[in-house]
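Since the structure of chain A is provided, determine the placement of chain B with the ligands on it from the hints.
Just so you know, the protein sequences line up as chains A and B, in that order.
Position 212, counted from 1, in the first sequence is what this note's numbering calls 212; the numbers after and before it change by one each time, with no gaps.
Position 328, counted from 1, in the second sequence is what this note's numbering calls 328; the numbers after and before it change by one each time, with no gaps.
Just so you know, these hints were derived from the structure itself, not from any lab.
Glycine included, each C-beta is placed from N, C-alpha and C at the ideal position.
There's no promise every hint is true.
[As the list claims (entries may be wrong)] Lysine-lysine pairs mimicking PhoX-like chemistry, simulated, CA-CA at most 25 Å apart: (1) A:Lys12 / B:Lys198; (2) A:Lys92 / B:Lys195; (3) A:Lys67 / B:Lys197; (4) B:Lys212 / A:Lys71; (5) B:Lys211 / A:Lys112; (6) B:Lys211 / A:Lys12; (7) A:Lys152 / B:Lys211; (8) B:Lys42 / B:Lys122; (9) B:Lys117 / B:Lys42; (10) A:Lys67 / B:Lys122; (11) B:Lys198 / B:Lys85; (12) A:Lys221 / A:Lys233; (13) A:Lys152 / A:Lys176; (14) A:Lys67 / B:Lys211; (15) A:Lys217 / A:Lys267; (16) A:Lys12 / A:Lys67.
[As the list claims (entries may be wrong)] Quick list of the computed label-pair ranges, beta carbon to beta carbon: (17) A:Ala70 / B:Phe221: 32 to 38 Å; (18) B:Glu303 / A:Asp88: 42 to 48 Å; (19) B:Ile356 / A:Ser134: 39 to 45 Å.
[What the hints assert, rightly or not] Among the chain A residues that face chain B by a calculated CB cut under 7 Å, a handful are: (20) Arg103; (21) Lys208; (22) Ile212.
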Amino acid sequence: MLEAVELTKHFKQTKAVDRVNLYLEQGEIVGLLGPNGAGKSTTISMISTLIPPTSGDVRFHNESIIKEPAKLRNVLGIVPQEIALYSDLSAKENLRFFGRIHRLSGAELNKKVDEVLALIGLTDRQNDLVKHFSGGMKRRLNIGAALLHEPKLLIMDEPTVGIDPQSRNYILETVKRLNQEKQMTVLYTSHYMEEVEFLCDRIYIMDKGCIIASGTKDEIKNILSSEHTVEVKVEKVSESFLHALRSQPVIHHITVQERTITVLSPKEINVFRLLFQLAEKTNTVFTSVEIKTPTLEDVFLHLTGRALRD
Amino acid sequence: MISILTAKFRLFLRNPWMVIVMSIVCIIMATIIGAASEKKVKIPVYSTLSAQETNELLHTLNESHSFRFEQMDAKKVRALVREGKAAAGLELAENDFTLIIASQTANTFFLREYLQKVYGEKGQANAIAKQLHLSTEQTTKIVKEAKKHPAFTIQTMSFRSKNAVIIDPQMQPIFGFSLFFVIYTVAFQVLQLLKEKKEGVWNRMILSRLKKWEIYTGNLFYSFIIGYMQVALIFSVFRFGFGIDFHGRFPELLLLLVPYVFAIVAFSILLVGLVKNEQQFQALISLLSVSMAMIGGAYWPLEIVSSNILLMLSKIVPLTYGMEMLKGAAVYDRSLTELLYPMSILFLMGVVFMGIGINLTERKSS
Ligand SMILES: Nc1ncnc2c1ncn2[C@@H]1O[C@H](COP(=O)(O)OP(=O)(O)O)[C@@H](O)[C@H]1O
Ligand SMILES: [Mg+2]
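Just chain A, with the same shape it has in the complex (with noise of 0.2 Å):
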């Protein structure tokens, strides 16, 4: 349905995407996962036709849309990152702005403001100006302004930033039933894995303006076969044990939070024995030792060596 082909854009000196190539089947929803700078804005913008490329290509049904945007447009909602509302007025007379430049008018707008107002949970509310509205309850609203029209193509902007669990809980059930009720296809972006684990089908993990892996969850996963992630409690974290940890060449990616110890290492050598030799070397007490079950976060750190979030 929709296809970025080698997309790049500089801006000055920064390279904010290099190369990217991504594609959406016909009611995916696909995730597009990254740190904060990673790109993702610059990649949803040009994909959305807002600003151009400096190379490569958008395709939507196999025709480009750089030169002419109007067919993607007229079937596209977008979720940008701001709240990108007027906050003096009411939640009722914003969505009836944003359904009026969609050419709604009569009872056929206030059927669809109406039926927005349900489904984001704001029909008590809508006579509210939005300037009183809690964090939650802009972002739903910033959603429903997307919607309106009917977009076959929805694509979000980590429309969870800074709002209580909630009513991200919400936003991602809305999400979900959007796609399953009215067959729409979706571009998430975040840079929560546990949303985009619970969401997508596939996934798109970005980092310095590149995609440095993509597939199905299992698949991306799988990055992770050979490795086991250890988590190590400990009751005091010594200087001295973290040597002895990072001299040993077969564990890597140590991060250290609190008084938990995380290590990757290669699934054919017995890590648990190593770790509690180097453990009685220094002299540390162990309180668990645990192999986990990979996270894309796991995999974000194993393929940057940086955590997802900072």
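Leaving out everything else, chain B with the ligands in the frame of chain A:
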């Protein structure tokens, strides 16, 4: 485009205070400055005539451009003159007047001249009235009519030559402050466009069925209307609230404000195209509006500026042409066709600024 205008006006009605406060501040400033720069000399007056006759006579006397006559009791008049608080006092009688002065000055000389002229005309009217057995009012009317259609005309060269300078201390601040304050109002409205771009409402509009020209026109037309409403409101308050009749040119003034507000809208979009962010815009508009007001003659009339550099600079400032038009109509009594030149310059500036401004704004977004 209608959808944009509807939404914008709804937003405006939610928060009209900025425009209202701007208008009130403008009216207060113009009134204070106008009153402070009044040049008329105050003359205290008492009268031995009947109240009605006194009023009629005072009304006639107060047509003077140099003196303002105020009635009070005889004691007070003498006291004011004695204490040197008034240049002269005046006692009005049926056929003659008495000047009470402390010393002879140029002003008392002109005052005597003026009073003699008024009493002369009054005596003339009275004499005719007696002969024709008419009332004095009727004769005054007849004499005035007769003067309008004289038996023979003497071609007089206008006392003011074509390039004569008139400074109207009442019009100057009204025009100056209105044109100055409207820059802020308009700029603030156009600035919303920059905010909408940053916050993404703009992108939603771009991706909608709206055409790009509709988005620009909607935004700019709205800014124009708000700016125009403000100046029209201020002028109307002076016209109908304070009874200032703008020398009978009120409707023309309203018309002449159109090209000026248009040029300011265009100037604002040019700034939007030039700046990187809102803060820069705010800083620039404060700086530019004040300098334009100074250079363009909003604070003091350009007629008293002699620096050639300043006068040259004034040629590139829209406010200059705005003042030129308004004063041209209300103070110099020029016709609209005579004001075509500043009007076309403003339209031209508007078109050029808008073209460049929109182009720059567009280029920034890619
Ligand atoms: N308009 C722009 N001008 C210059 N640099 C930009 C612009 N937009 C984004 N960038 C840069 O491009 C990189 C990717 O940004 P972005 O696409 O917003 O990342 P993400 O959405 O993944 O957080 C960042 O380094 C950012 O600073
Ligand atoms: Mg982003």
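Verify the interface restraint on Ile212 (chain A): the C-beta must sit less than 7 Å from at least one C-beta of chain B.
-> 27 Å, violated
Hint consistency between Lys12 (chain A) and Lys67 (chain A) [alpha-carbon to alpha-carbon, up to 25 Å] | 23 Å, holds
Holds or violated: Lys211 (chain B) with Lys112 (chain A), Cα cutoff 25 Å?
-> 23 Å, holds
Hinted pair Lys92 (chain A) and Lys195 (chain B), Cα distance within 25 Å | 21 Å, holds
Holds or violated: are the alpha carbons of Lys152 (chain A) and Lys176 (chain A) at most 25 Å from each other?
-> Given pair Lys152 (chain A), Lys176 (chain A) holds - Cα atoms ~14 Å apart, limit 25 Å.
Given the hinted pair Lys212 (chain B) and Lys71 (chain A), is their alpha-carbon gap at most 25 Å?
-> 16 Å, holds
Decide if the proposed pair is consistent with the structure: Lys221 (chain A) and Lys233 (chain A), CA atoms, cutoff 25 Å inclusive.
-> Within the cut-off at roughly 24 Å; holds.
Do Glu303 (chain B) and Asp88 (chain A) keep their Cβ atoms within the hinted range of 42 to 48 Å?
-> Roughly 44 Å apart at Cβ, these two residues keep to the hinted range, so it holds.
Assessment of proposed distance window 39 to 45 Å (beta carbons of Ile356 (chain B), Ser134 (chain A)) | 43 Å, holds
With chain B as the partner, please determine if Lys208 (chain A) meets the hint condition of a C-beta pair closer than 7 Å.
-> Not OK, violated: Lys208 (chain A) not within 7 Å of chain B, min 23 Å.
Would you mind confirming whether the straight-line C-alpha gap from Lys12 (chain A) to Lys198 (chain B) stays at or under 25 Å?
-> 20 Å, holds
Arg103 (chain A) as an interface hint toward chain B, with CB separation required under 7 Å | 5 Å, holds
In summary, the numbered hints that this structure violates are 6, 10, 11, 17, 21, 22.
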